[in-house]
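What follows is each chain in one-letter form.
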Amino acid sequence: MFIWLVASGLTLIFGVLGVLNFAHGSFYMLGAYFCFTVLRHLGANFWIGLLLGPLFVCAVGYVVERFFLRRVYHLALPYQLLLTFAFVLIFDNLVKIVWGAGSLSPPKLDIFGGAVPILGRKFPAYNLFIIAVGPLVALGLGLMIDKTWWGRIIRAASSDREMASALGVRVPVLFTSVFVFGCWLGAIGGGLAAPYVGIMTPGMGETIIIEAFIVAVIGGLGSLKGAFLGALIIGVLSAFGTRYFPTFDMFLIFILMAAVLLWRPQGLFGGAR
Amino acid sequence: MGKILLETRKLSNSFGRICTARDLDLGFEEGVLASIIGPNGAGKSTLVNLLTGHLPVQSGGILFQGRDITRLPIHKRVRLGVCRSFQIVNIFPQLTVFQNVMIPVLARTGRSWRPFAKISGENAVHREVEDLLEKVGLGGVRESVAVALSHGDQRLLEVGVALAAMPVLLFLDEPTAGMNPVERVRLLESIRDLSRGGRTTFVLIEHDMDIVFSLSERIIVLHRGEVIGDGTPEEIRANDRVREVYLGDEMTDVFRITEGE
Amino acid sequence: MKNRIASILLTTLVLAVLVCIPLVSGRFTVYLAMRVMLLGIFAVGYNLLLGQTGLLSFGHGAFYAAGAYGMGFFWLHLSPHPLLGIAAGILAAALLALLIGFFCVRHTEIYFAMLTLAFGMMVFSLIWNVRGITGGDDGLVGIMRDPITFFGLVKIPIQKDTQYYYLILSLFVLAVWVVRRIRISPFGLVLAGIRENTRRMEFAGVSVRNYRLAVFVLSGAFAGLAGSLEAMLESNARPFMAHWTHSGDPILVSLLGGLHTLTGPLVGSLIFVAMREIVQRFTENWMLWFGVVLLVIIMGFRGGVVGVVRQLAEKARGPRGG
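Chains as they are written, first to last, in our numbering: chain R, 1 to 273; chain G, 274 to 534; chain S, 535 to 856.
If you are wondering where the hints come from, they were derived from the structure by calculation, not from laboratory data.
C-beta: ideal position from N, C-alpha, C; glycine also.
It is possible that some hints are incorrect.
Per the computed footprint, the stretches of chain S lying under chain R, defined by three or more beta-carbons under 8 angstroms from a beta-carbon of chain R, are [unchecked claim]:
| hint | region |
| --- | --- |
| 1 | 584-590 |
| 2 | 636-648 |
| 3 | 694-708 |
| 4 | 781-788 |
Restraint ranges, calculated between C-beta atoms of paired labels, are given here [unchecked claim]:
| hint | chain 1 | residue 1 | chain 2 | residue 2 | range |
| --- | --- | --- | --- | --- | --- |
| 5 | R | His74 | S | Gln697 | 45 to 55 angstroms |
| 6 | S | Leu618 | R | Pro172 | 52 to 62 angstroms |
| 7 | R | Leu75 | G | Gly412 | 28 to 38 angstroms |
| 8 | G | Ala390 | S | Val688 | 47 to 57 angstroms |
| 9 | G | Arg514 | R | Met144 | 44 to 54 angstroms |
| 10 | R | Leu143 | S | Ile667 | 51 to 61 angstroms |
| 11 | R | Met144 | G | Gly339 | 51 to 61 angstroms |
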């Protein structure tokens, strides 16, 4: 489900801005670290951490978009990708410097009080929470895109940037807001993931970005529904694969990605792009 | 009646519910300088896109010199001799004028696949490119980077690159758009000379009625994807349907002037 | 004219320095120089694809690995002759590039980049998983450098690093020369045209797809050459060579040095390896500084280091009339 959150941010940014944000994994990681720091230093509870942490990440994302990314929109693809990649390097190493290169354990959470018995097996309550969050966020995002004013502008801008601009939409501001929102999604993913996974390392960004990336592609870059379904598919396949083809699961996932790209580049739900 | 170079059979195309081409049956004769005109949205660019391969054909057929080229990819059509220039300047920005024109010549003469030859040694190609540049009037700026040229020169280059492929049938999409009168006259003179030269048959898409009526030997009028007029300039002037469609447009001025004579 | 003389002098100087390195420096410097040249071969061939043709591939590590493993298998099972082994590596890489390229070149830009990434990682996981054949995580080990023999008459030993250095140097010079010739050839001009305006190339009568495939295979071959040379240098071929982060090296390095130049990737390789070695002495986080440098280059100096040097050289020459 964390993959879904990160992938949703990724696909949103790509759909509207046309940029593949390599650094998205780093925002995920920063989300985890910031939430953790808030918890540690403000002694606050989990929810406050979850609220404040991503805001810091959004601030970082704002700086990235406003001062750097915006300048390279008109350039060719390699430059944009490499710019985000440069940020990956910078963020990953900054994290190492500030928080240390080793792994950190987020504090244990007792908010949901241990395990919940379902169907005869005990599930940690936190896991159930995560599973519930996924669809909730998806629903929320879907509603937002479909019903709100902001959502409509996003849809318009992603299908025709020039037209939207001519109609008076302030495209640069829109882009910034979308980027920041995407970062927020990624950061929330990180904040939620940390307690679940149990440890945080500076490398967590790199592992998640490839998975999120694949999910976004399979679902269709730019489509939130697709990303959600993609995450489900990948999740299921991963679990399946690890049980029956333990060593080949990575291979299978990449074959699926290649297959989708070859036969249906728009992914399962993407529009014509 | 000269040789028919290109003909269409019930060529149709639509974007969603908008029909941009409706059962077009057209033929283009060798050596006849033709123009395609029509109000905005009439389907002129669509037609050229279909004929040159820019747009895939939805229904109908296209024959070139007897061969069915309906499904042929763009570069193969160009090799056969059907080419076009673009309305919006579509050149190689960071390359020099000389290099821009050299590329189609290299491709055409089959010399483009040589990875170990030196460009500087391709003398025959060099001479051809010089020739072409003189014909369009760009001899003086051959070493300039394309993106640094004036707009008028860029449009000349646009035509030059299209000519470099030595097409049998060349569609020029609004070649003089945005040019000042001096440049416009120069380009049109070149087109007239080249057309008389006999190697290439030109088909212009134009909005400027002065050019259309003074240069063309044949005018095709499109409206909403259909041909509503096809003939010599005099025939078109006298065509009631055409006048109806152009009512209020500059074309009626042309009618008024000629009628008043 | 002055330009030509200057560049000939510069090239001779660089060659002289390269030739002299094993004679005057310690083992480690020699090793570093070899790594710079290997990365240089990888990058300069890759830049034919990226800088010249404008195609961004994230899977070229797969061809590097193909070269290494191809060479390795050849040595282990067929023949210890180094030159033949290198040829086997190049061939393996080129064939793999032909196969993968066939699927990838029909797509553009972003999809091309992602497809190459996917295929590259497929190769990586394949190598990693098939432990029985490829040795999995450890890779192929024990590749030795046998002397180069010509029909049993001449025997050139390359066992020692200093001797192997000269083999790498010769192949390096050859590779750079080949890339230079391609850049100034009609083929190279067509590639540049594809980069500048793909649509127009179609209308010039060029089958863009074929050219893309050709340059893809060509750059793959260079990657294979570099890979097989590394296999002999380190006596080992590892799956990581096919990982996408390794595929990123030539991209970074070419951008650093200058995408549209011949020497850019070479200068970039030098800076990259040098930075890694020097900065690593002071701080563990040399990648951070590399990221910053990259950022600066993308934001302001897209011609790369070579581009900046050229601009400075022009300013130094003073304004020329008009």
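Verification of the supplied hints:
Counting residues of the region 584-590 of chain S whose beta carbon lies closer than 8 angstroms to any beta carbon of chain R gives 3, which meets the minimum of three for the stated coverage. With 7 residues bearing a CB less than 8 angstroms from a CB of chain R, the region 636-648 of chain S meets the requirement of three and the coverage assertion stands. Given as covered by chain R, the region 694-708 of chain S fails the check, having 0 residues with a CB less than 8 angstroms from a CB of that chain where 3 are the minimum. With 3 residues bearing a CB less than 8 angstroms from a CB of chain R, the region 781-788 of chain S meets the requirement of three and the coverage assertion stands.
For R/His74 paired with S/Gln697, a C-beta distance near 51 angstroms keeps the hint of 45 to 55 angstroms intact. Here the CB-CB span from S/Leu618 to R/Pro172 is close to 59 angstroms, well matched to the stated 52 to 62 angstroms. Distance hint check for R/Leu75 and G/Gly412: the Cβ-Cβ separation is about 34 angstroms, which falls inside the suggested range of 28 to 38 angstroms. In this structure, G/Ala390 and S/Val688 break the distance hint of 47 to 57 angstroms, their C-beta atoms being roughly 33 angstroms apart.
For the pair G/Arg514 and R/Met144, the beta carbons lie near 53 angstroms from each other, so the given range of 44 to 54 angstroms is met. Evaluation of the 51 to 61 angstroms hint for R/Leu143 and S/Ile667 yields a pass: the beta carbon distance comes to about 52 angstroms. The given range of 51 to 61 angstroms is respected by R/Met144 and G/Gly339, whose C-beta atoms sit roughly 59 angstroms from each other.
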